[in-house]
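First to last, the protein sequences are chains A and Z. Sequence positions in the first sequence follow numbering that gives the first Met the number 0 and run 0 to 185. Sequence positions in the second sequence follow numbering that gives the first Met the number 0 and run 0 to 105.
Any given hint might turn out to be false.
Residues from chain A that keep clear of chain Z, each with C-beta distances beyond 12 Å, as calculated [stated by the list, open to error]:
(1) Leu3
(2) Gln23
(3) Leu32
(4) Ala65
(5) Tyr89
(6) Glu92
(7) Leu98
(8) Asn112
(9) Glu117
Distance condition first, Cα-Cα at most 20 Å in a straight line; then the derived DMTMM-like pairs of lysine to aspartate or glutamate [claimed, not checked]:
(10) Lys141(A) - Asp72(A)
(11) Lys60(A) - Asp66(Z)
(12) Lys59(A) - Asp6(Z)
(13) Lys59(A) - Glu71(Z)
(14) Lys50(A) - Glu32(Z)
(15) Lys141(A) - Asp62(A)
(16) Lys141(A) - Glu114(A)
Hint data in this document are derived by calculation from the structure and do not stem from the laboratory. Where a beta carbon is used, it is the ideal one built from N, C-alpha and C, also for glycine.
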Amino acid sequence: MRKLMRKTMFTGLMLMAATASAQQIDMKILDKLAEKAKGKTEINLDSSMVKSASDLLNQKKGDEAAARKSAKDLTGLFLRNYEFETEGAYKREDLKPLLDQLNSPNWTPILRNQEEKEQTEIWMHRTNGQADGMLLVSMESKEVTVINAMGITNIGDLSNVGQLGNLEGLSSKPPAKPEDKKGNNN
Amino acid sequence: MSQFERDLRESLRHREPPSGFAEKVLARSRESEARHTARRWLVAAAAVVLMIGGGIFVQQQRQQAEDERAKEQLMVGLRITGSKLRNVQERLSRIQERAVQRQSNP
Chain A
0 MRKLMRKTMF TGLMLMAATA SAQQIDMKIL DKLAEKAKGK TEINLDSSMV
50 KSASDLLNQK KGDEAAARKS AKDLTGLFLR NYEFETEGAY KREDLKPLLD
100 QLNSPNWTPI LRNQEEKEQT EIWMHRTNGQ ADGMLLVSME SKEVTVINAM
150 GITNIGDLSN VGQLGNLEGL SSKPPAKPED KKGNNN
Chain Z
0 MSQFERDLRE SLRHREPPSG FAEKVLARSR ESEARHTARR WLVAAAAVVL
50 MIGGGIFVQQ QRQQAEDERA KEQLMVGLRI TGSKLRNVQE RLSRIQERAV
100 QRQSNP
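Make a model of the complete structure from these sequences and hints.
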């Protein structure tokens, strides 16, 4: 009986670990971009760091209270933001290895927007049909941003800091074919 | 022999120590040694306590600094995320507006 319980617990833990690692995207691929960037912001916060950071947020301070609310379900935040001096300092193909990691049934693109020199993609990670992570990739002419927010069930959770409204329902929608809105949306 | 010499001789004359003198000296020496040992132990214990306390304090300070840094990173991360999502929202709003305009002016 004990053995069975141990096995069940072990399997459960392994599954949890596998789910967490599946949500997390390997950002080391972007190190090459970092070398070319003139400015960069890199954030790596795992669940324990998010928790201890959230605990320090002051509920009486407006922005910190909002951030605390946003980070309620957050179990990890990994961010890369690179700014380049000139246009063409990076190619979109440079991000292909990163986007290739999303070729799993758990990742669903929920938004793909391309306008002129900008392209933004938002992907949701689902476990058993339940959204539990988000990846945002923003490629601008002189800037690249990749955000992997784990534990996020709804993009609206992040609205507390960004003051969003219309994106509230995005992740609660069932997975659908990505909306590909090309630059000439007229 | 002058008075001075007599006094000097008297002063330097061999005298027997009182009985039990050696035992008393040895006992005092043992007491003093015990006190020194106890004091040494006390100093060592205080040093250990100080070291442990200092270690805990430094660890706490380091942890606090790490938590503060994590908090700053979280704030920056959430701000950037919010800003990027706001950009997407604005673009979607523009697309929506254009679609509405197209419908009203076919």
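Hint check results:
1. Every CB of chain Z lies more than 12 Å from the CB of Leu3(A), the least distance being 39 Å, so the non-interface label holds.
2. Consistency note on Gln23(A): stated as away from chain Z, and its beta-carbon is indeed over 12 Å from all of that chain's, at 15 Å minimum.
3. At roughly 16 Å from the closest C-beta of chain Z, the C-beta of Leu32(A) stays outside 12 Å, upholding its exclusion from the interface.
4. Taking the minimum C-beta to C-beta distance to chain Z, about 8 Å, the non-interface status of Ala65(A) is violated against the 12 Å cut.
5. Every beta carbon of chain Z lies more than 12 Å from that of Tyr89(A), the smallest distance being close to 17 Å; the non-interface claim holds.
6. Even its closest Cβ contact with chain Z, about 21 Å, leaves Glu92(A) beyond 12 Å, as expected for a residue assigned away from the interface.
7. With a minimum CB-CB distance of about 17 Å to chain Z, Leu98(A) clears the 12 Å threshold, and the non-interface call stands.
8. Residue placement check: Asn112(A) does not keep its beta carbon more than 12 Å from all beta carbons of chain Z (closest about 6 Å).
9. Some Cβ of chain Z comes within 12 Å of the Cβ of Glu117(A); the nearest lies about 8 Å off, and the non-interface call is violated.
10. Our distance criterion of 20 Å between C-alpha atoms is broken by Lys141(A) and Asp72(A), whose separation comes to about 32 Å.
11. Among the hinted pairs, Lys60(A) with Asp66(Z) is consistent with the structure: their alpha-carbon atoms are about 18 Å apart, no more than 20 Å.
12. Taking the CA atoms of Lys59(A) and Asp6(Z), the gap is near 92 Å; set against the 20 Å cutoff, the hint is violated.
13. Among the hinted pairs, Lys59(A) with Glu71(Z) is consistent with the structure: their alpha-carbon atoms are about 17 Å apart, no more than 20 Å.
14. At roughly 55 Å between alpha-carbon atoms, Lys50(A) and Glu32(Z) are farther apart than 20 Å, so this suggested pair is violated.
15. Pair hint Lys141(A) plus Asp62(A) does not hold up; C-alpha atoms about 28 Å apart against a cutoff of 20 Å.
16. With a CA separation close to 14 Å, the supplied pair Lys141(A) and Glu114(A) stays within the 20 Å bound.
Violated hints, listed in ascending order, are 4, 8, 9, 10, 12, 14 and 15; each of the other numbered hints is respected by the structure.
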